[in-house]
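*Asks:* Sequence:
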Amino acid sequence: MNQTTATALIPNSLPVPSALGSLEAYIGAVHQIPVLSAEDEQALARRFHEQDDLGAARELVLSHLRFVVHVARGYNGYGLQMADLIQEGNIGLMKAVKRFDPSVGVRLVSFAVHWIRAEMHEFIIKNWRIVKVATTKAQRKLFFNLRRSKTRLGWLNAEEVRAVAQDLNVSEREVLEMESRLSGRDIGFDAPDDADDDHAPPAPAAYLMAEGLDPAQTYESADSEADKLDLLREGMARLDERSRDIIKRRWLEPDSKVTLQELADEYGVSAERIRQIEANALKKMKALFAA
Numbered sequence: 041m042n043q044t045t046a047t048a049l050i051p052n053s054l055p056v057p058s059a060l061g062s063l064e065a066y067i068g069a070v071h072q073i074p075v076l077s078a079e080d081e082q083a084l085a086r087r088f089h090e091q092d093d094l095g096a097a098r099e100l101v102l103s104h105l106r107f108v109v110h111v112a113r114g115y116n117g118y119g120l121q122m123a124d125l126i127q128e129g130n131i132g133l134m135k136a137v138k139r140f141d142p143s144v145g146v147r148l149v150s151f152a153v154h155w156i157r158a159e160m161h162e163f164i165i166k167n168w169r170i171v172k173v174a175t176t177k178a179q180r181k182l183f184f185n186l187r188r189s190k191t192r193l194g195w196l197n198a199e200e201v202r203a204v205a206q207d208l209n210v211s212e213r214e215v216l217e218m219e220s221r222l223s224g225r226d227i228g229f230d231a232p233d234d235a236d237d238d239h240a241p242p243a244p245a246a247y248l249m250a251e252g253l254d255p256a257q258t259y260e261s262a263d264s265e266a267d268k269l270d271l272l273r274e275g276m277a278r279l280d281e282r283s284r285d286i287i288k289r290r291w292l293e294p295d296s297k298v299t300l301q302e303l304a305d306e307y308g309v310s311a312e313r314i315r316q317i318e319a320n321a322l323k324k325m326k327a328l329f330a331a
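So that you can map any letter, position 212 of the sequence shown is 252 in this note's numbering, and since no number is skipped, the others follow by simple counting.
Among these hints, one or two may not hold up.
[Said to hold, decoys possible] Here are the simulated DSS-like pairs of lysine-lysine, each with C-alpha atoms no more than 27 Å apart in a straight line:
hint: 1; residue 1: K326; residue 2: K268
hint: 2; residue 1: K138; residue 2: K166
hint: 3; residue 1: K324; residue 2: K288
hint: 4; residue 1: K268; residue 2: K297
hint: 5; residue 1: K323; residue 2: K268
hint: 6; residue 1: K268; residue 2: K288
hint: 7; residue 1: K297; residue 2: K326
hint: 8; residue 1: K324; residue 2: K297
hint: 9; residue 1: K326; residue 2: K288
hint: 10; residue 1: K297; residue 2: K323
hint: 11; residue 1: K288; residue 2: K323
hint: 12; residue 1: K268; residue 2: K324
[To be verified] Distance windows between CB atoms, simulated:
hint: 13; residue 1: K323; residue 2: S264; range: 20 to 26 Å
hint: 14; residue 1: S261; residue 2: D305; range: 38 to 44 Å
hint: 15; residue 1: S143; residue 2: Q121; range: 18 to 24 Å
hint: 16; residue 1: R313; residue 2: E265; range: 29 to 35 Å
These are calculated hints, taken from the structure and not from any lab test.
Here a beta-carbon is modelled for each residue, glycine too, at the ideal position from N, C-alpha and C.
Using the sequences and the accompanying hints, generate a full structural model.
*Replies:* In structure tokens, the structure reads:
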């Protein structure tokens, strides 16, 4: 189910931080929503599952919004707005309600926690850095587990790297690579505010520009090469067959270039005569280029 479908489960009266003006007001509002008993939860889930009752789905979502807030608080240290994390978690909750099977016999909260965290994880990965630090499943597992370890341990030593790799079933190289990514920071493309500081690192704009990649120059160069190729074809077409063959084999086939003597033996003339024919042909072609 996509986000649009999931949102259909939410009533118009759902409290959201932006609408209520503050995160505290939102948290206060969701904590006023009654918690469902196991029996009520089962009954609502069966109504939604068997009768496609959206009203029942809304009640299930509303009664678990406080749990999303609880999960979001566990991701406080990523420099992201708590309200944004909560909203992403709410999407995960709605997806969980959509997929919840009451016949399994577990509480919705146990099932929903995985969906809520998955949405929050995706949001954190996308927004924590300009450049993604984790793209594969193993890297994402490393990102969250290793970041918690680093806040406690700082830089990992060889023994700790080995332990983390074994615990998460990844290679030591992947642990070291993720540790390096976590320790890096985003740099503005243009000069930073402290550009006058002698110790400030150069901005990427200072060394990533390549004059050869200027679009105007690239187009001009390509256009010029095309013109030269057209002139070469025209010049070759104006030569007689023997002169054309000599120029081609002497200048246009560098991997199998023949000598004057080889051509002389082939045409039954002296090497000097081949040289004269070659010189005259080149003179005619140069005149075409100079015109």
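*Asks:* Now tell me if each hint is right for this structure.
*Replies:* Comparing the hints with the structure gives:
Of the supplied pair hints, the one linking K326 and K268 holds, its CA atoms being roughly 11 Å apart against a limit of 27 Å. Between K138 and K166 the CA atoms are separated by roughly 25 Å; this keeps the pair inside 27 Å, and the hint holds. Taken as a hint, the K324 and K288 pair is honoured in the structure, with Cα atoms around 15 Å apart against an allowance of 27 Å. Between K268 and K297, the direct Cα distance comes to roughly 22 Å. Compliance with the 27 Å bound is thereby established for this hinted pair.
Simply put, K323 and K268 have alpha-carbon atoms about 16 Å apart, close enough for the 27 Å limit, and the pair holds. Distance restraint check for K268 and K288: the Cα-Cα separation of roughly 16 Å lies within the 27 Å cut-off, and the hinted pair is therefore satisfied. Between K297 and K326, the direct Cα distance comes to roughly 21 Å. Compliance with the 27 Å bound is thereby established for this hinted pair. Under the criterion of a C-alpha separation no larger than 27 Å, the hint pairing K324 with K297 is consistent with the structure, at around 21 Å.
Of the supplied pair hints, the one linking K326 and K288 holds, its CA atoms being roughly 15 Å apart against a limit of 27 Å. Restraint check: the Cα-Cα separation between K297 and K323 comes to about 20 Å, which is no more than 27 Å; the hinted pair holds. Between K288 and K323, the direct Cα distance comes to roughly 15 Å. Compliance with the 27 Å bound is thereby established for this hinted pair. Restraint check for K268 and K324: the C-alpha separation of about 15 Å stays at or below 27 Å, so the hint holds.
Distance hint for K323 and S264: a CB-CB separation of about 23 Å, consistent with the stated range 20 to 26 Å. At roughly 41 Å, the beta carbons of S261 and D305 sit within the given window of 38 to 44 Å. Our hint of 18 to 24 Å for S143 and Q121 is violated, since their Cβ atoms are close to 38 Å apart. The beta-carbon spacing between R313 and E265, approximately 34 Å, falls within the hinted interval of 29 to 35 Å.
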